[in-house]
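Work the whole structure out from these sequences, hints included.
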Amino acid sequence: MDLPAQIRSSLQSQGLPPPSIAWIQTAMPNRNPLPPLPAIIATVKTRLLAADLTNPALFDSPSPAFPPNASNPEVKEVKLTWDIPVQVLDIENLSKSKWEQVEELEAIARGEQTRGREVIRLPTGNEEDEFAVDGQATQSTINGAERPGFQGRGGSAVSANTANVATKTSTHRLVLQDCKGQKLYGLELKRIDRIGIGSLNIGEKIILKRGAILARGILLLDATTCTILGGKVEAWQKDWVEGRLARLREAVGADSRNAP
Amino acid sequence: MRVLCVAEKPSIAKAVAGHLSGGEVQTHNTPEKYIKNYVFDYDFGRPWGKCQVTMTSVLGHLTTAEFPPEYKKWDYPPPDRLFDAPVNVVVAADKTKVADNIEKQARYANALCIWTDCDREGEHIGYEICEAARKGNRTLDIRRAKFSNIERAHIINASRNLINLDLKQVNAVATRIEFDLRIGYAFTRFLTTSLKTLGGPFQNLLLSYGSCQFPTLGVMHKREDIDVNFSWARHRLFDRASVIIPYERCLTAKRAKVTKVQEKPTKKWKPLPLTTVELQKMATRFLGMTGQQAMETAEGLYNKGFISYPRTETDRFDPGMNLRALVQKQTQSHAWGEFAQNLADGGFQQPRQGRNDDKAHPPIHPITFAAPSVLNDREKKIYEFVVRRFLACCSEDAKGVTTNVDIMYGEESFHAHGVVVLERNYLEVYVYDKWTGSVQLPKFTVGEMFEPTEALMTEGKTTPPPYLTEADLIALMDANGIGTDATMAEHIQKIQERDYVRTVPKTSRLEEEADDAEGGQVAEGGRAGQSTRGGRARGGRGGRGRGATTNGRGGVMEFIPTQLGVALIEGFDRMNFETSLGKPFLRKEMELKMKAICEGRTTKEVVLGESIQQYRHVYMQSQQKLGVLKAACRQYVFGA
Numbered sequence: 513m514d515l516p517a518q519i520r521s522s523l524q525s526q527g528l529p530p531p532s533i534a535w536i537q538t539a540m541p542n543r544n545p546l547p548p549l550p551a552i553i554a555t556v557k558t559r560l561l562a563a564d565l566t567n568p569a570l571f572d573s574p575s576p577a578f579p580p581n582a583s584n585p586e587v588k589e590v591k592l593t594w595d596i597p598v599q600v601l602d603i604e605n606l607s608k609s610k611w612e613q614v615e616e617l618e619a620i621a622r623g624e625q626t627r628g629r630e631v632i633r634l635p636t637g638n639e640e641d642e643f644a645v646d647g648q649a650t651q652s653t654i655n656g657a658e659r660p661g662f663q664g665r666g667g668s669a670v671s672a673n674t675a676n677v678a679t680k681t682s683t684h685r686l687v688l689q690d691c692k693g694q695k696l697y698g699l700e701l702k703r704i705d706r707i708g709i710g711s712l713n714i715g716e717k718i719i720l721k722r723g724a725i726l727a728r729g730i731l732l733l734d735a736t737t738c739t740i741l742g743g744k745v746e747a748w749q750k751d752w753v754e755g756r757l758a759r760l761r762e763a764v765g766a767d768s769r770n771a772p
Numbered sequence: 003m004r005v006l007c008v009a010e011k012p013s014i015a016k017a018v019a020g021h022l023s024g025g026e027v028q029t030h031n032t033p034e035k036y037i038k039n040y041v042f043d044y045d046f047g048r049p050w051g052k053c054q055v056t057m058t059s060v061l062g063h064l065t066t067a068e069f070p071p072e073y074k075k076w077d078y079p080p081p082d083r084l085f086d087a088p089v090n091v092v093v094a095a096d097k098t099k100v101a102d103n104i105e106k107q108a109r110y111a112n113a114l115c116i117w118t119d120c121d122r123e124g125e126h127i128g129y130e131i132c133e134a135a136r137k138g139n140r141t142l143d144i145r146r147a148k149f150s151n152i153e154r155a156h157i158i159n160a161s162r163n164l165i166n167l168d169l170k171q172v173n174a175v176a177t178r179i180e181f182d183l184r185i186g187y188a189f190t191r192f193l194t195t196s197l198k199t200l201g202g203p204f205q206n207l208l209l210s211y212g213s214c215q216f217p218t219l220g221v222m223h224k225r226e227d228i229d230v231n232f233s234w235a236r237h238r239l240f241d242r243a244s245v246i247i248p249y250e251r252c253l254t255a256k257r258a259k260v261t262k263v264q265e266k267p268t269k270k271w272k273p274l275p276l277t278t279v280e281l282q283k284m285a286t287r288f289l290g291m292t293g294q295q296a297m298e299t300a301e302g303l304y305n306k307g308f309i310s311y312p313r314t315e316t317d318r319f320d321p322g323m324n325l326r327a328l329v330q331k332q333t334q335s336h337a338w339g340e341f342a343q344n345l346a347d348g349g350f351q352q353p354r355q356g357r358n359d360d361k362a363h364p365p366i367h368p369i370t371f372a373a374p375s376v377l378n379d380r381e382k383k384i385y386e387f388v389v390r391r392f393l394a395c396c397s398e399d400a401k402g403v404t405t406n407v408d409i410m411y412g413e414e415s416f417h418a419h420g421v422v423v424l425e426r427n428y429l430e431v432y433v434y435d436k437w438t439g440s441v442q443l444p445k446f447t448v449g450e451m452f453e454p455t456e457a458l459m460t461e462g463k464t465t466p467p468p469y470l471t472e473a474d475l476i477a478l479m480d481a482n483g484i485g486t487d488a489t490m491a492e493h494i495q496k497i498q499e500r501d502y503v504r505t506v507p508k509t510s511r512l513e514e515e516a517d518d519a520e521g522g523q524v525a526e527g528g529r530a531g532q533s534t535r536g537g538r539a540r541g542g543r544g545g546r547g548r549g550a551t552t553n554g555r556g557g558v559m560e561f562i563p564t565q566l567g568v569a570l571i572e573g574f575d576r577m578n579f580e581t582s583l584g585k586p587f588l589r590k591e592m593e594l595k596m597k598a599i600c601e602g603r604t605t606k607e608v609v610l611g612e613s614i615q616q617y618r619h620v621y622m623q624s625q626q627k628l629g630v631l632k633a634a635c636r637q638y639v640f641g642a
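Chains as they are written, first to last, in the working numbering: chain U, 513 to 772; chain G, 3 to 642.
There could be a bad hint or two in this list.
With a straight-line cut-off of 27 Å between C-alpha atoms, the simulated BS3-like cross-links for lysine-lysine are [to be verified]:
no.	chain 1	residue 1	chain 2	residue 2
1	G	Lys306	U	Lys591
2	G	Lys148	U	Lys591
3	U	Lys680	G	Lys259
4	G	Lys306	G	Lys148
5	G	Lys331	G	Lys383
6	U	Lys588	G	Lys256
7	U	Lys680	G	Lys266
8	U	Lys588	U	Lys557
Heads up, incomplete: computed chain G residues facing chain U, CB under 7 Å, no partners named [stated by the list, open to error]:
no.	residue
9	Arg236
10	Phe240
11	Asp241
12	Ser244
13	Met410
14	Glu413
15	Ser415
On the chain U side, residues computed to face chain G include the following (Cβ under 10 Å) [what the hints assert, rightly or not]:
no.	residue
16	Glu604
17	Leu606
18	Arg685
19	Leu732
Just so you know, these hints were derived from the structure itself, not from any lab.
Backbone N, C-alpha and C define an ideal beta-carbon position, used for all residues, glycine too.
Structure below.
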């Protein structure tokens, strides 16, 4: 068996959707001599998980996609009859109101977070510059010690990303896309720990297993019918994080206009 | 040997003189009409022995910090000069007669004994007294009495175990005084002169709030004539379609399966020993008083010897204290005597131990029994509360049984919760706590299947969080370190005087329970089912931990910010610099630094240097961004 075929069967045995031989050849490291096989496989796997599934060169056609008419809300329930690889385009926490999420993000942007009833100050990115104006270290020891959650510079960006952390009873809704570019909502039927804002990436790959339920055009997710493979598409993730507050604000505005 | 004793206020001087003299005392008037000098003989024990004593008092602080005359004009010099202008400590104009009396009496004395209240401010007042006395006599031997109530044996004991003044505490207060003077003057002048040019009609204030709709699911099952309401484990989802789908699947499943039945004993914990903050919170919630009134009343009761010192952070009793004897004293009451008697007869339980100990005073507790006839209305209420709280602390937790039933309906799980109270115990005497968990669930067995009588999908809507009550505000100030337990009530008074907030009587609300964090762990029961049925959830902001609610007795006030208050806060926030004046962090740091001085970890000079530097920085930023503040004022106050 030649190298690309070996890689392909190895990926397949790891539960990944097998990419086309042509794509594997483009994804292989361009070095001479080639690194050992396990390293090559790891590289190709990482590239596969970071790829856009809708790239037509990625799979040999026909590749598994959502059944026709999948988004029809008239259909009460069907089960998937084959495994389908999908990628995450969006994630929403339905257990918290959008306004609540907006407020939380805004508070973090102001450099605050609450711990119980206490308002906690977070380090903001420009703080060192501000104090430098004085030419004096104004940050006393008390000051530093009294800041739980201190994460160093740029800490606020990290927090903004992980704000609205999911709890055991949270319910999330995902937008999932197959390799043909078709999109469906996925709703957590049972809590899946890896699904959460900040823990599930945009562009992350998921395999929907045969037997997964599609109800009224929405995929119902639970741990037995949905395998999370990992990965992300860096550019999508960045845009998503940066645009999140604006999207939430816009949605809140639309909601309150529609309210009676 | 002659000893001069000085208390913080006349009532304490009189009471202490009474105890030490045993009644044989000559009383002399002084030029200050409120202050008397009491002369008597007393044996302090070693090293002073038998002494001729003159006991007098001051009226709170003797001195005041002020800027020299050339800084007293508002228009010049510019306010920021006040950050490093000289500060003079002088005898306050209205206290010269008091200071003269001490100076004069000190001339005849060999020793000085300070009897000010044992807290930071008291320590500083003690130091002011020393300074006044030293002007008359530089060779005084100076001591301090440590006491936390004015019961006779306690006072005698304090007089035999004199200690030294704690200069660290004195310095902490001196730091705070100088800091407040500089910062307060600089910013007040800056704001007043900058905003004084604005004026005009007020317009209605609108606060933005984004409302969100949410549907939820509920299941009702009627059994043994009891409507059992099961609430959805997901609580609610902020998306309609995402609720319809599970709802449809529930209906399709038709029958629900009982997955868990759990019955277990539960307790509602008795309250912790009483601190100042807690006293103020409870007084505003249940006694129809402001925190300020509660503190004044409690001080009156302390001055009369009925309760212990009411300014304390301690919520644990020293194990060595004879609490049973204090319980015994309450047996003569008509209202709670019987309950106290039961405790005295063997029902007594050691109080819970809280986590705070200020090492100066015990929790607030009754010292002797006070007949209702000797107390005015407010005193009666506060005294009753202090006693009931104390007796509650010395009794047993309330006991009950909770039942939890989980069911699986379709792929969704639902939950029902019931509580039955078995023994009321401390609740009998502590009428302020309620445990109305009387929802009894019928019998369910694990594995049984049943068809729910009703399954409902209801729509709800988030509502803005309610305004803060005084109790809420005190709790938040406590959590965020704004003010000390002793000064919070004054801050609250001040923001009302300045017209930053107004109070209005609170409109009645649905909830009737008023549980605090300690007791709350079981109290959420009982009503959970109903609240889901109605499709109502309290507020859109979970996790704020707002436990306070009305009790339907009326008199609870809510704080509503005025346009001016909103304008200032918004303005400071929009200036958007690291240390906003609108945020509690700076104040909290000051309080922490005072504590550090008391513990010897830093000094007055270091703290003042640091803090003033910080505020000077904020001042300069405020000056640069004054336009932002003015814009906020125009927007909120003038509607522009």
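Q: Please work out if Lys680/U and Lys266/G have their alpha carbons no farther apart than 27 Å.
A: Holds, at about 24 Å.
Q | Proposed interface contact between Ser415/G and chain U, which counts if any beta carbon pair is under 7 Å | A | 10 Å, violated
(Q) So, as I understand it, the hint says Glu413/G touches chain U; can you test that by seeing if any CB pair is closer than 7 Å? (A) 6 Å, holds
(Q) Next item in the hint list is Arg236/G. Is there a CB on chain U closer than 7 Å to its CB? (A) 5 Å, holds
Q) When the nearest CB of chain U is found for Asp241/G, is that gap smaller than 7 Å? A) 5 Å, holds
Q.
Just to be careful, I want the Cα atoms of Lys680/U and Lys259/G compared with a cutoff of 27 Å; is the pair within it?
A. 22 Å, holds
Q. Hint check: is the beta carbon of Arg685/U less than 10 Å from a beta carbon of chain G?
A. 6 Å, holds
(Q) Holds or violated: the hint that Phe240/G contacts chain U, with Cβ atoms closer than 7 Å. (A) 5 Å, holds
Q. Is Lys306/G within 27 Å of Lys591/U, Cα to Cα?
A. Since the Cα atoms of Lys306/G and Lys591/U sit roughly 80 Å apart, the hinted pair is violated (cutoff 27 Å).
Q. Hey, Lys331/G versus Lys383/G, does the alpha-carbon distance stay inside 27 Å?
A. 18 Å, holds
Q) Given Ser244/G was flagged as interface, is its beta-carbon under 7 Å from a beta-carbon of chain U? A) 5 Å, holds
Q: Hold the hint about Glu604/U up to the distance rule: shortest CB distance to chain G must be less than 10 Å.
A: This interface hint holds because 8 Å falls under the 10 Å limit.
Consistency with the previously given hints fails for numbers 1, 2, 8, 13 and 15, ordered from lowest to highest.
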